Amino acid sequence: MGELNRRRFLERMTALTATAVATPATLGAIPHTGSGVGTGGPRGDGAGGGAEAGRRGAGGGAVAGRLGELDLPPAGRPQPSELTELTLAEAARLLRDGDVGAVELVEAYLARIGRWEPRYQAFNTVVSETALETARAADRARGRALGRALGRGPLAGVPLAIKDNYFTAGVRTTANSFIFEDFVPDFDATSWARLRDAGAILLGKTQMGPLATTAASTPTGERTTVNAWAPFHDNVSPGGSSSGSATAVAARMAASSTGTQTGGSITNPSNAQGLTGIKPTMGRVSLHGILPLTYTRDHPGPLARDAVDAALMLRIMAGPDPADPRSLGLPPVPDYLEAVSGGDGALTHPERGGAVRIGVLPGFLDEPEPPEDPAPDPDPDVDRIGSSFPRRERTQAAYRRDVATAEARRRMLATLEELGAEIVELDFPAHWETLTSFNFNNVRLPERSEIFLEHLRDDVTQFGVSLAPWINGLLLPAAEYVRGSRARLVLLQEILDEVFGRCDLVTQTAPYPFDMVGLPLIGFPIGFETESTGYPRPVGGMFGAEPYAEHHLLVVIAAYQRVTDWHLRRPADPGDLRPADSGDLRPADSGEVRPAGRDGDRPRDGSDRRGGRNRSPGRYDLFDVMERGE
Amino acid sequence: MARRPSPPPSVPSSQEVTDEQLDAYIRTRLALAGVDLSVLPEDDEDAPADQRRIMASARRFLRSTPGAIAEFEFDPMGPPPAIYPAEVSAWNRG
Numbered sequence: 001m002g003e004l005n006r007r008r009f010l011e012r013m014t015a016l017t018a019t020a021v022a023t024p025a026t027l028g029a030i031p032h033t034g035s036g037v038g039t040g041g042p043r044g045d046g047a048g049g050g051a052e053a054g055r056r057g058a059g060g061g062a063v064a065g066r067l068g069e070l071d072l073p074p075a076g077r078p079q080p081s082e083l084t085e086l087t088l089a090e091a092a093r094l095l096r097d098g099d100v101g102a103v104e105l106v107e108a109y110l111a112r113i114g115r116w117e118p119r120y121q122a123f124n125t126v127v128s129e130t131a132l133e134t135a136r137a138a139d140r141a142r143g144r145a146l147g148r149a150l151g152r153g154p155l156a157g158v159p160l161a162i163k164d165n166y167f168t169a170g171v172r173t174t175a176n177s178f179i180f181e182d183f184v185p186d187f188d189a190t191s192w193a194r195l196r197d198a199g200a201i202l203l204g205k206t207q208m209g210p211l212a213t214t215a216a217s218t219p220t221g222e223r224t225t226v227n228a229w230a231p232f233h234d235n236v237s238p239g240g241s242s243s244g245s246a247t248a249v250a251a252r253m254a255a256s257s258t259g260t261q262t263g264g265s266i267t268n269p270s271n272a273q274g275l276t277g278i279k280p281t282m283g284r285v286s287l288h289g290i291l292p293l294t295y296t297r298d299h300p301g302p303l304a305r306d307a308v309d310a311a312l313m314l315r316i317m318a319g320p321d322p323a324d325p326r327s328l329g330l331p332p333v334p335d336y337l338e339a340v341s342g343g344d345g346a347l348t349h350p351e352r353g354g355a356v357r358i359g360v361l362p363g364f365l366d367e368p369e370p371p372e373d374p375a376p377d378p379d380p381d382v383d384r385i386g387s388s389f390p391r392r393e394r395t396q397a398a399y400r401r402d403v404a405t406a407e408a409r410r411r412m413l414a415t416l417e418e419l420g421a422e423i424v425e426l427d428f429p430a431h432w433e434t435l436t437s438f439n440f441n442n443v444r445l446p447e448r449s450e451i452f453l454e455h456l457r458d459d460v461t462q463f464g465v466s467l468a469p470w471i472n473g474l475l476l477p478a479a480e481y482v483r484g485s486r487a488r489l490v491l492l493q494e495i496l497d498e499v500f501g502r503c504d505l506v507t508q509t510a511p512y513p514f515d516m517v518g519l520p521l522i523g524f525p526i527g528f529e530t531e532s533t534g535y536p537r538p539v540g541g542m543f544g545a546e547p548y549a550e551h552h553l554l555v556v557i558a559a560y561q562r563v564t565d566w567h568l569r570r571p572a573d574p575g576d577l578r579p580a581d582s583g584d585l586r587p588a589d590s591g592e593v594r595p596a597g598r599d600g601d602r603p604r605d606g607s608d609r610r611g612g613r614n615r616s617p618g619r620y621d622l623f624d625v626m627e628r629g630e
Numbered sequence: 631m632a633r634r635p636s637p638p639p640s641v642p643s644s645q646e647v648t649d650e651q652l653d654a655y656i657r658t659r660l661a662l663a664g665v666d667l668s669v670l671p672e673d674d675e676d677a678p679a680d681q682r683r684i685m686a687s688a689r690r691f692l693r694s695t696p697g698a699i700a701e702f703e704f705d706p707m708g709p710p711p712a713i714y715p716a717e718v719s720a721w722n723r724g
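Sequence order for the protein chains is C and A. Read in our numbering, the first sequence has 574 at position 574, and its numbers run on one by one without any break. Remember, our numbering sits 630 above the position in the second sequence when you count from 1.
Just chain C, same shape as in the assembly (with noise of 0.2 Å):
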């Protein structure tokens, strides 16, 4: 099974490393804990024991420094098929030190797309040619600095995915939307011109649901991008709206992407794939470049493996931007890298020095309540309700999936116990039901509405499938806009006096809490779950901290990935599964997947914009829209 891979490759360099070098930061064994996902786990509940001393070699233990002094474990070289398995920062170090080229880094992701892409679908644009261009170069470049201790970027080599509404100068940025099909930016965005400045290469932009709202699709609502876990199940969702970045990851089709967030669109795809990313604090990276959605809530971020390429990421990406007026006059940035070196293995908190404090909001371990049987209605139409399970099946999925979260949360607080957090249970603030709800969410659509003001009045079917919301942006009153501006300070400094004055961390079940008033969130792969639909899927946890507090969410994660190996594991590829003898499950090689967009190809979209879609809606029905995300 593929979700084997990344423990056999683990133990085969552990192997080669031991002959090597004798050194405590060596990659450690890494035992088998059984033949399926979901079996496993931390350390100590008798499945998943061997993971720790992995991670202390691949990553938390070993990158210790700053950026361009990547200090990893030393390492054998990887068989070339195994060079898609490796994380940003082990990639980074064998690039570094001339064990691995960047051309073959780059040409083991372009084989692996060209094999799998058309049946994920996370890409719009792949651009091979530049990229073994750009890999080609690196080489010639690193041939020249060997030995001379020339200053290279940290990652200089290394294969990205980014987000299709990042500006990347000379190729296309269309953010899934009729709006931008066209559009070719001469510049790129701020952050992802500091990771290509760090010798970042870029593969390709990646599905995105249109403008940034939900799960991945074109304009006119046909599904793209699957989730890798469940590559033959279109009915589960990728997590959206960075739903190629997620999926391009997960898949080994990168080492890394990037996403942004507006409500839950980083944390979510990273919850459904297994992925550890993060949204930092608005300001913390610079918007400029990237097409917005909104002013307020939009904060773009990285998806990776785990907590170290995730602070191996945040730490290129993050800082002030002349060109960003919102990423200024900010605390300094943190050594992330250091956040996630992993220290003597205590649980401390890097500046107050003693236990990290874990804070529990009410409800986040309670036992799901099991659903009324919801008697099927005669219709089948009425009963699907536009889905391709019967509400009997969809609700006793979603009851399965919650009470597996439920037991995945509860392990994975206890297991954060043993490392020394102190977990506090706490009440929510005053006026958290209120402040947080539907309708105080909408505050942010004006905005969305005046960023389009002019597509709007040019021609409401640019829009496509998503017009609502940029419409009923509109309709709210300014004087409503203003309070709901004003809520958010209300909201904020509840949160900072109840929650943070009691905690360093706090647990979330949704993302929007903390995107209204841009405070930084992980999302981070804490089980899996085979009950809900009978095959493996991840199950995500979720933590919120204080303003520019993304070190100690990078300090707590990256200890819980060194004794657990829930983010080790990988998606089978889907040439190893079987599709289910189940009708709304297409064949592998069904002409039906239509193959990735390449340099210069237009959007894959062709459909009227007034006109009917011309295959069948978007539908992830066993989810509920959190994970859908914007």
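It cannot be assumed that every hint is accurate.
[Unchecked claim] Incomplete in silico selection of chain C near chain A, CB under 7 Å:
(1) Arg152
(2) Met282
(3) Pro331
(4) Val333
(5) Leu365
(6) Pro368
(7) Arg400
(8) Val403
(9) Asn442
(10) Leu456
(11) Thr461
(12) Gly464
(13) Val465
(14) Ala478
(15) Arg486
Just so you know, the hints here were simulated from the structure itself, not pulled from any lab data. Bear in mind the structure is a predicted one, so any value in this text is a computation, not a measurement. C-beta: ideal position from N, C-alpha, C; glycine also.
Use these hints to put chain A onto chain C, whose structure you have.
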């Protein structure tokens, strides 16, 4: 931050406003903004958007969101608007 008293009986609640009244408001507001929904099909489930669904969404929005926000009462000397609250908190830390 007590709730406002209920509006006087002569003012209909957002739930009591009729579809016709809301439709008139929506169409007037969109006309003032220069936005034309008539380019959409009137009622076509297979279209990415149609006038029927957009108007229904707008009515639901108006029946819920503006009223809920208006009901939340502030002390007049309370916080000013802060569209970037996290940054305000950092700037105010000195």
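Numbers of unmet hints, in rising order: Result: hints 1, 4, 5, 6, 7, 8 and 14 break, sorted rising.
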